[in-house]
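Given next are the chains, with one letter for each unit.
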Amino acid sequence: MKDPIIQLKGLTKCYGSLKAVDDLNLDIHKGEIFGLLGPNGAGKTTTILMMLGLTDPTSGTATVCGHNATNNPIAVKKKVGYMPDSLGFYDGMTALENLIYIGRLNGLPEKEIKTSATEMMEVVGLTNDMHKKTATYSRGMKQRLGLADVLIKRPDVIVLDEPTLGIDPSGIKDFLILIKRLSKQQGLTVLLSSHHLHHVQQVCDRVGIFVNGKLLAQGNIDTLSGNLFGKDGYVTSITVQQTIEQPWPFETELKLREGMNQITLHENRIDFACSHDMTPAIVRFFVEKGYDILEVHKKDYGLDDIYEKYFENNLMENTHEKSTDFFERSFFKTGKK
Amino acid sequence: MKSQPISLKDLSLKQAKSNQSPEKAVSEGPFNVIVRKEIADHIRSWRFIVLIGLIVLTFIASMYVALGNIKSSVGNTDDPDHVFLYLKLLTTTDNSIPPFHIFLSFLAPLLGISLGFDAINSEQNNGTLIRLMAQPVYRDNLLLAKFVSALVIVSTLFAALALLMIGGGMLLTGVRMEPQELLRILSFITMSITYVAFWLSLSILMSIKFKQAATSALTAIGIWLFFTVFYQIIVNLVIRSFLPNPTFLSQHEIMAYNELVLNILRIAPNQLYTDATTTLLMPSVRSLGPITMEQMASAIPSPLPFKESVMIVWPQVSGLIAATVVCFALSYYLFMRREIRS
Numbered sequence: 001m002k003d004p005i006i007q008l009k010g011l012t013k014c015y016g017s018l019k020a021v022d023d024l025n026l027d028i029h030k031g032e033i034f035g036l037l038g039p040n041g042a043g044k045t046t047t048i049l050m051m052l053g054l055t056d057p058t059s060g061t062a063t064v065c066g067h068n069a070t071n072n073p074i075a076v077k078k079k080v081g082y083m084p085d086s087l088g089f090y091d092g093m094t095a096l097e098n099l100i101y102i103g104r105l106n107g108l109p110e111k112e113i114k115t116s117a118t119e120m121m122e123v124v125g126l127t128n129d130m131h132k133k134t135a136t137y138s139r140g141m142k143q144r145l146g147l148a149d150v151l152i153k154r155p156d157v158i159v160l161d162e163p164t165l166g167i168d169p170s171g172i173k174d175f176l177i178l179i180k181r182l183s184k185q186q187g188l189t190v191l192l193s194s195h196h197l198h199h200v201q202q203v204c205d206r207v208g209i210f211v212n213g214k215l216l217a218q219g220n221i222d223t224l225s226g227n228l229f230g231k232d233g234y235v236t237s238i239t240v241q242q243t244i245e246q247p248w249p250f251e252t253e254l255k256l257r258e259g260m261n262q263i264t265l266h267e268n269r270i271d272f273a274c275s276h277d278m279t280p281a282i283v284r285f286f287v288e289k290g291y292d293i294l295e296v297h298k299k300d301y302g303l304d305d306i307y308e309k310y311f312e313n314n315l316m317e318n319t320h321e322k323s324t325d326f327f328e329r330s331f332f333k334t335g336k337k
Numbered sequence: 001m002k003s004q005p006i007s008l009k010d011l012s013l014k015q016a017k018s019n020q021s022p023e024k025a026v027s028e029g030p031f032n033v034i035v036r037k038e039i040a041d042h043i044r045s046w047r048f049i050v051l052i053g054l055i056v057l058t059f060i061a062s063m064y065v066a067l068g069n070i071k072s073s074v075g076n077t078d079d080p081d082h083v084f085l086y087l088k089l090l091t092t093t094d095n096s097i098p099p100f101h102i103f104l105s106f107l108a109p110l111l112g113i114s115l116g117f118d119a120i121n122s123e124q125n126n127g128t129l130i131r132l133m134a135q136p137v138y139r140d141n142l143l144l145a146k147f148v149s150a151l152v153i154v155s156t157l158f159a160a161l162a163l164l165m166i167g168g169g170m171l172l173t174g175v176r177m178e179p180q181e182l183l184r185i186l187s188f189i190t191m192s193i194t195y196v197a198f199w200l201s202l203s204i205l206m207s208i209k210f211k212q213a214a215t216s217a218l219t220a221i222g223i224w225l226f227f228t229v230f231y232q233i234i235v236n237l238v239i240r241s242f243l244p245n246p247t248f249l250s251q252h253e254i255m256a257y258n259e260l261v262l263n264i265l266r267i268a269p270n271q272l273y274t275d276a277t278t279t280l281l282m283p284s285v286r287s288l289g290p291i292t293m294e295q296m297a298s299a300i301p302s303p304l305p306f307k308e309s310v311m312i313v314w315p316q317v318s319g320l321i322a323a324t325v326v327c328f329a330l331s332y333y334l335f336m337r338r339e340i341r342s
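Top line first, the protein sequences correspond to chains A and P.
Per UniProt numbering, the first sequence starts with residue 1, numbered consecutively.
Per UniProt numbering, the second sequence starts with residue 1, numbered consecutively.
For the record, the hints were derived by calculation from the structure and aren't laboratory data.
Where hints are given, some of them may not hold.
What the hints assert, rightly or not - Simulated coverage check for chain A against chain P, where a stretch passes if three residues somewhere in it have a Cβ under 8 Å from a Cβ of chain P:
#1 48–55
#2 75–84
#3 89–100
#4 103–116
Said to hold, decoys possible - Example chain P residues on the side facing chain A (calculated, C-beta under 10 Å, incomplete):
#5 45
#6 134
#7 138
Stated by the list, open to error - Here are a few chain A residues that sit away from chain P, every Cβ distance over 10 Å (derived from the structure):
#8 7
#9 133
#10 205
#11 222
#12 223
#13 259
#14 295
Note that the structure is a prediction, hence the values are computed from the model and not measured.
Every residue gets a Cβ at the ideal spot worked out from N, C-alpha and C, and that includes glycine.
Start from the sequences, fold in the hints, and give me the full structure.
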């Protein structure tokens, strides 16, 4: 296993009595796109700030690219490009000038700076607008300029805080594709924070769900849904034209199959809960028995469901203080199954 | 967007190339980059243009009045300073308007405050501060760059005015300049720059302390008004309330009280500045406190050499520098470990 490029150990940040980030442990490996997912005020931005040394952790360490972010922020900032959630540019300067300024601050050689800034503008698709003042830029354009701004220093890691905030849907798609492509082509590690699960689902290799300063779960989307909905496993429901007679004669036969957990009969629909994906076998079985299949639906747990499930618990937590423990217990129980 | 893959390929090639080349190290540090950008910003800003206009107008007005009265004041042989034509240009007036150095003691704080009051908080409110801080730049570099860039501009402005005055005076009068005069004028300029520096560092401190630019500007102006208008009144009130009846005091005790009042007044930076510039521009001023008759007994009313004048104002200069440093240290303290959020 490679060494993680971002390693957070027991990271904690308190504001007075409020724990914004609570004992966070997280490893992110090189070349990964990691999505930090959580509602507003979950501590995502605070975590990112601590990783960049922009705020000091109360306890714990953040190691980025082999440097301690608290003691040696400059070394970290050389390697990490950070795009904050609310981007600001110097309004009196053109986009290109803004970009060149950042390039200079990063010590790029003066000869190359202009060409590389122009290239970056091309990469993010702002070539036609690069001589306009940033005051005239729309939100989406600013976001792209922000990405150019992050890329011009040629970082190893890019950290994007709510990058999809305030862009229209097609803009978001372009933006996410761009990020994904950049990550694949240059081997960039990307850390992306968002409360918008769909966006995260589109690009991230792994996600971490972050609620009230705690990382509740991490892994790729399959693992997460496996963890959370483990008891149901894979659910396939088949709708047929004929009405299914109750009790169904084939029920016992199917139940004997390896991995079949539960069969639920409806009027003309049957739900199969299996421990692994048995959809093809079930369909074949139905065809052989001469049923006319109208619809086969494999229930897929997207981030949506995952998210909702966690937030339900989060809401409960807000009403009943004690339920944190309850939630954690229930979560880990389902995880084990 | 369509040509992305190609352009990215070039990019990564260039990256590899630039990493190999040894001359990459030859690029200026972030400090210089920030200073350059800040100076450019200041010069283009309306605020600075207005201030420059104000100071140039003041300068022209006081020069005009001084030139009108220069003949009588240089011809006045009772005045030991009458030989210093160029110093007279800066200090002579017919009482219609104050001389330039008094004017400057009002305008310099305004200049310093207006150049610094939104140094940090406006960047924070615009969201540029966090972007800047995400670059490999030390935080103190940013503070220092803000301070230095404003100071460079002020120094250039003051030096240009002084040289204009000297050049214009030479053209108009044709009088040769004493080396001492040049030294005195230059040290007057340095003193003024130090004075602006104090207000600048105070206003930068305010800009770190307060999130709103308007609050920080008002607070800085409030401090300035307090020292120029109310401080003397308050000191007088307080001293008078516990000062014993002077008729029962010996002369020495009166002197001691006088000295005390003066020293308390000297906490005000504008007092320090006025003391210092008066001494520098009027060579016959030989003490800033009261002088007894014995001390004056055999003194010849002649101008002091430059070195002696500097010796007199040295405490003032160090006081101003110390106040500047204190403000700056506080700024560092507040800013270095602060969390930056947009």
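We went through each hint and held it up to the structure:
1. 48–55: This one holds; 4 residues, not fewer than the three required, reach chain P with a Cβ under 8 Å.
2. 75–84: holds (count 7)
3. 89–100: holds (count 4)
4. 103–116: Answer holds; 9 residues pass the 8 Å Cβ test.
5. 45: At about 8 Å, which falls below the 10 Å cut-off, the nearest Cβ of chain A leaves the hint on residue 45 of chain P intact, so it holds.
6. 134: Holds, because the Cβ-Cβ distance from residue 134 of chain P to chain A comes to roughly 4 Å (cut-off 10 Å).
7. 138: 7 Å, holds
8. 7: Given that every Cβ of chain P is farther than 10 Å from that of residue 7 of chain A, nearest at about 20 Å, it holds.
9. 133: 12 Å, holds
10. 205: 20 Å, holds
11. 222: 29 Å, holds
12. 223: At about 31 Å from chain P, residue 223 of chain A clears the 10 Å cut-off, so the statement holds.
13. 259: 43 Å, holds
14. 295: Holds: least Cβ distance 38 Å, greater than 10 Å.
Violation of the numbered hints given earlier is absent; every hint is satisfied by the structure.
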